[in-house]
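Turn these sequences into a full structure, and let the hints steer you where they fit.
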Amino acid sequence: MRVRLLVGILIACLVPVGFWASAGAQAPKTLIIAIGADQTGLDPQTVQNNESGFVMSTIFDSLVSYKLGTSIPAPGLAESWTISRDGRVYTFKLRHGVSFHDGTPMNAHTVAEDLDRAINPSNPCYVLARKGVDTYDDFTFGSVKEGNVAKMEVVDDYTLRFTLPKPNAPFLSSLAMVWQGIMSPTATKKYNCDASQHPVGTGPFKFVEAVRNDHITVEANPAYWGGRPKVDRIIFQIVPESATRMLKLERNEVQILADVPPSDYARVTGNPQLRLYTQPGLTILYVAMSNDRGPFVDPRVRQAMNYAVDKEAINKGLYGGATTASQGIPPVLWGYNPAVKPYPYDPAKAKSLLQAAGYPNGFTTEMMVYANPRGYNPVGGAKLGEAVQGYLAKVGVNVKITQYEWGAYLNKIRHTEYEGFAICGWSGDNGDPDNFLGDLFEWDEAANHWRINNCSRHHNPAFDRLIRQGREVTDQAKRTQIYMEANRILHDDAPGIFINHTNQVRAARASVRGFVLNPLQMFFHMERVSLE
Amino acid sequence: MIASAVRARDEGPPPRAAGRHGPLAWRRLRRSPHLLAGLAIVVGILGAAALAPVIAPYSPIDQAFSDQLRPPSWAHLFGTDEFGRDIFSRVLYGARIALAVGFLADGIALAAGVALGLVAGYFGGRVDAVVMRCVDVLLAFPYLLLAMIVVAILGPGLSNAMIAIGIVYAPQFARVVRGAVLAVRGQEFVEAAGAVGAGSGRILLRHVLPNVISPTLVMATLTVGFAIVETAGLSFLGLGASPPTPEWGSMLATGRSYMLTAPWIATFPGLAILVTVIGFNLAGDGLRDLLDPRLRGTL
Amino acid sequence: MAAYIARRLVQLVPVLLGISVLVFVGMHIVPGDVAQMLAGEKGTAADVQRIRHQLGLDRPLYVQYGAFLLGAVRGDFGISLRTRQPVFWEIMQALPTTVELSCAALLFAVGAGLALGLLAARYPRTLLDAGAMTGVLVGVSMPVFWTGILLLLVFGGLLGWFPLGSMLDEGMRYHRITGMPLLDGLLTGDLAVVASNLRHLVLPAVALGATSMATIARMARSTMLEVLGLDYIRTARAKGLAEPSVVGRHALRNALLPVVTVVGLQLGLLLSGAVLTETIFALPGLGRLAITSVLARDYPVVQGVVIVGAGIFVLANLLVDVLYAYLDPRIRYQ
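Chains as they are written, first to last, in the numbering used here: chain A, 1 to 532; chain B, 1 to 299; chain C, 1 to 334.
Just so you know, the hints here were simulated from the structure itself, not pulled from any lab data.
There may be inaccurate statements among the hints.
List time: in silico SDA-like cross-link candidates among lysine to any residue, alpha-carbon distance up to 25 Å [what the hints assert, rightly or not]:
#, chain 1, residue 1, chain 2, residue 2
1, A, Lys206, C, Arg84
2, A, Lys412, C, Leu186
3, A, Lys316, B, Ala48
4, A, Lys145, C, Arg59
5, A, Lys349, B, Ala64
6, A, Lys230, A, Arg528
7, A, Lys189, C, Leu55
8, A, Lys412, C, Leu55
9, A, Lys189, C, Arg59
10, A, Lys412, C, Asp76
11, A, Lys349, B, Ser66
12, A, Lys190, C, Asp76
Computed from a predicted structure; not experimentally measured.
This is how it looks when you write it as structure tokens:
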């Protein structure tokens with residue numbers, strides 16, 4: 001009797017061991033990435049923030065992709081393309097044998113069906129007709145309202161053609177953005193035009209679940225055209241606090257950190273189980289000055305401001321070694337002019353320039369800042385403002401800082417003719433120099449108004465001419481020359497205090513292999529990542 | 001005690017006839033360790049705040065990137081922060097801000113609350129009902145949510161945070177004061193005074209007011225501590241002070257990111273808040289025990 | 001009893017209405033352009049106009065309030081500006097977490113508070129008593145966000161005894177019925193989920209409940225001391241009843257009444273503290289939703305969260321009052 005009891009107990013103990021063993025054999029390989037905030041929707045056409053982009057870059061493909069680790073266009077869902085001589089007609093040949101995660105075949109018809117909602121106002125799911133969406137459609141295809149939108153036609157089952165009203169060389173780069181990922185039209189129809197909570201793409205990973213403010217899970221797509229993913233699942237875990245993220249990485253509770261504050265760099269590099277990944281970022285950060293108001297109308301004053309601030313110290317101390325800026329685009333982008341160097345720290349020169357401009361005792365002015373960190377400014381506007389304020393005070397320029405909440409801040413710098421300083425910056429959208437120089441420093445001749453993101457209201461006709469030219473010419477070498485000259489002019493104009501280009505920095509466990517950063521900061525090509 | 005706790009919840013503390021406190025109070029003060037300890041701490045903090053420009057070895061806003069994130073040492077008693085600023089100096093100057101915020105927010109709450117409570121309690125009837133309904137609505141909010149709405153309306157900033165906290169506490173004062181007024185109104189000596197021909201003003205002043213002073217004073221003392229903590233909380237969430245203000249709550253928020261690499265940035269402001277609040281709590285408790293121990297269930 | 005409850009429920013209506021007016025008006029006086037913020041850095045002026053029109057922000061205020069009220073009555077609080085999902089849905093995703101956290105904190109506060117307070121009353125004026133009361137003083141004075149940070153750093157970070165935030169281990173899935181992993185785990189028999197959730201709740205519950213625990217402890221001690229000194233207790237002791245019986249049957253029930261009052265007063269602190277605690281421990285609850293929405297100017301969500309939060313607070317207070325009336329019949333007849 002007792003023996004039977006003992007045997008029974010023994011067997012009962014073995015059962016969980018059996019489960020544990022079999023579970024161990026089949027445990028899925030899970031890669032956990034820690035991000036700082038939740039996604040706000042996973043439909044590429046209707047969201048624009050980084051966290052949503054991170055997840056979407058694993059679920060969707062675009063027509064064009066970026067070459068691994070760069071912002072140079074490469075084949076995506078389109079395996080090749082031709083551009084007409086006048087630079088207006090783009091013909092794409094699509095891959096064969098690719099399907100969306102829900103089984104819908106990917107071909108010119110289905111891709112056109114999805115992109116139609118971006119450019120056709122009579123499409124029932126027209127993106128701009130939906131409440132409050134953020135979209136890059138105007139940016140990529142042109143504006144329907146202004147009548148300069150691209151025309152799309154399906155030439156045959158696997159050929160798609162776009163005709164642009166004017167040559168627009170950045171078009172290819174724009175198509176490669178994660179924000180032009182192709183969503184299955186079946187899903188869009190099924191969920192009443194809003195599949196943002198049930199995304200279906202062609203990418204290396206399929207959407208599984210999203211728990212609000214907690215995590216998003218995607219699982220491998222074994223039939224992916226780019227190769228079977230080497231991990232079975234990716235979980236994007238939302239951890240708002242950077243110190244906690246660091247601890248979790250050290251304990252292997254997460255394997256990749258999507259961003260690392262400069263104060264933690266040493267902790268990562270000093271730990272043999274961790275690896276720090278850095279790449280010069282596709283960003284620019286500067287302290288804009290009101291070029292048409294106040295003392296800043298005189299270019300000598302603007303240059304004096306550049307001499308007055310010790311950018312190297314700020315970039316090393318606050319930004320953990322970001323590259324000091326000297327012109328309008330970062331060094332990683334083609335069109336950068338290596339002959340143009342940053343303004344050195346020279347308070348004496350600053351004072352003498354101020355004197356020559358008629359301000360021997362300096363002057364008083366204001367600065368607008370925001371608090372929250374941005375992709376191009378990881379420490380936030382307020383901190384940079386404080387740092388700059390300190391240096392300017394030493395040459396007699398007294399700055400009063402006012403902090404605004406982000407929405408109010410945007411409103412002020414874009415729609416009011418403020419006088420003084422403002423913290424401005426930019427993350428590149430598509431890896432094209434026009435995206436920086438045009439958007440940030442061009443004066444719209446036709447509308448006789450500064451372009452909306454031209455914080456400093458910079459207006460230089462020679463510069464503007466070059467920018468317009470750069471959009472029309474499709475020859476890469478010629479465009480490079482044009483932008484290098486534009487950058488030289490911009491440096492001398494000094495519309496703002498050039499601060500830096502932040503490095504894109506991520507941290508991962510040493511066991512993570514095949515992980516490559518790219519300038520757009522998105523998690524492209526995650527099918528190549530494996531865990532030892 | 002138990003029954004009085006119930007009544008006090010709705011009506012406020014029981015009344016006492018106006019009297020002189022004189023030598024009896026002084027003896028009681030000396031025998032009340034809570035009050036003495038609390039007052040000692042409060043005076044200490046007031047002193048630190050007042051003498052900050054003299055004691056502080058550095059300016060609280062001077063940056064020095066070469067001195068970033070240094071641990072506590074003889075040169076920098078509390079270490080330095082990510083800008084190279086001396087934390088000891090910032091904590092000292094932070095005391096000024098904390099006390100200013102505490103007293104001002106308290107003052108706003110006091111002024112508004114006492115006025116409302118007096119009006120509601122004295123005039124009664126419809127006025128009372130309207131005022132108390134409004135007070136009920138305000139009291140229906142958990143304090144932080146109410147403060148967040150006010151700050152969302154007015155915009156982030158220290159003064160707006162102060163106003164928000166003042167609005168949050170005004171209803172509490174109103175309720176306490178109204179209760180005290182109601183308790184007195186029903187007393188015979190007030191009716192007698194009215195019968196003899198004393199005007200409302202005189203009744204308010206000679207009979208109602210002294211009754212109201214004790215609970216109000218206790219509440220005011222305790223509220224300074226709460227106001228300091230809650231404003232720090234708002235700053236911690238990003239709704240309060242802006243740079244380069246050395247406010248304890250925002251220092252804690254910044255320090256949080258550096259908890260692993262430089263824990264002193266958050267620890268010392270946190271300790272400062274703790275000590276200050278202990279001081280005001282002790283003083284408030286001691287004051288309450290001294291003036292009217294029967295308040296113990298209600299405040 | 002039923003009449004008392006009914007009376008109190010009726011009194012709730014004007015209060016809730018007042019809350020809705022306050023919140024709605026408040027969110028619409030905000031400076032700064034919501035439409036501009038939604039359009040973001042890369043939006044054009046045309047985008048801003050379009051968004052403003054789509055959200056009905058160009059209609060007069062009273063029209064907007066009317067539409068809002070009609071919707072709110074049906075449970076439709078509008079659409080989140082950030083995520084374009086129904087506000088009600090966003091709130092329902094977050095609410096169970098906050099409820100679970102608050103209940104855990106309340107349990108800790110009442111349990112530990114009573115234990116501490118009664119123990120101190122049992123051995124008054126001893127070292128234990130002094131130690132307990134000092135601990136109480138510190139507990140009441142510690143800002144909840146600092147307590148949270150310290151607990152997370154020391155017990156989660158340095159000692160590694162507890163996890164570093166969130167509700168469950170990474171990648172753990174559970175069948176969502178109520179949204180509270182503890183309950184859902186029990187209902188589906190998934191004990192791993194229950195165990196994981198319990199481990200994750202310890203630090204936040206302690207951080208959130210610490211202040212309340214201190215207040216309850218102090219209250220319990222003083223009422224217990226008072227009751228123990230009353231006549232009927234002396235009579236019980238004189239009759240020769242054993243001490244546990246004296247304390248347990250006679251003193252306890254009367255000592256608990258003011259504690260119930262104090263618990264009611266603590267609820268507001270708990271809900272407010274939840275905002276700070278959820279931020280520190282990265283719990284996906286209502287508090288976190290509130291602060292994210294305020295910072296993002298997502299005013300429909302702020303409206304919804306504040307109304308729901310205040311509503312819960314009011315209802316919880318009602319529950320406490322009813323409990324009090326049940327325990328002390330004298331109240332019912334007021």
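Hint numbers contradicted by this structure: The structure conflicts with hints 2, 3, 9, 10, although it agrees with all the remaining ones.
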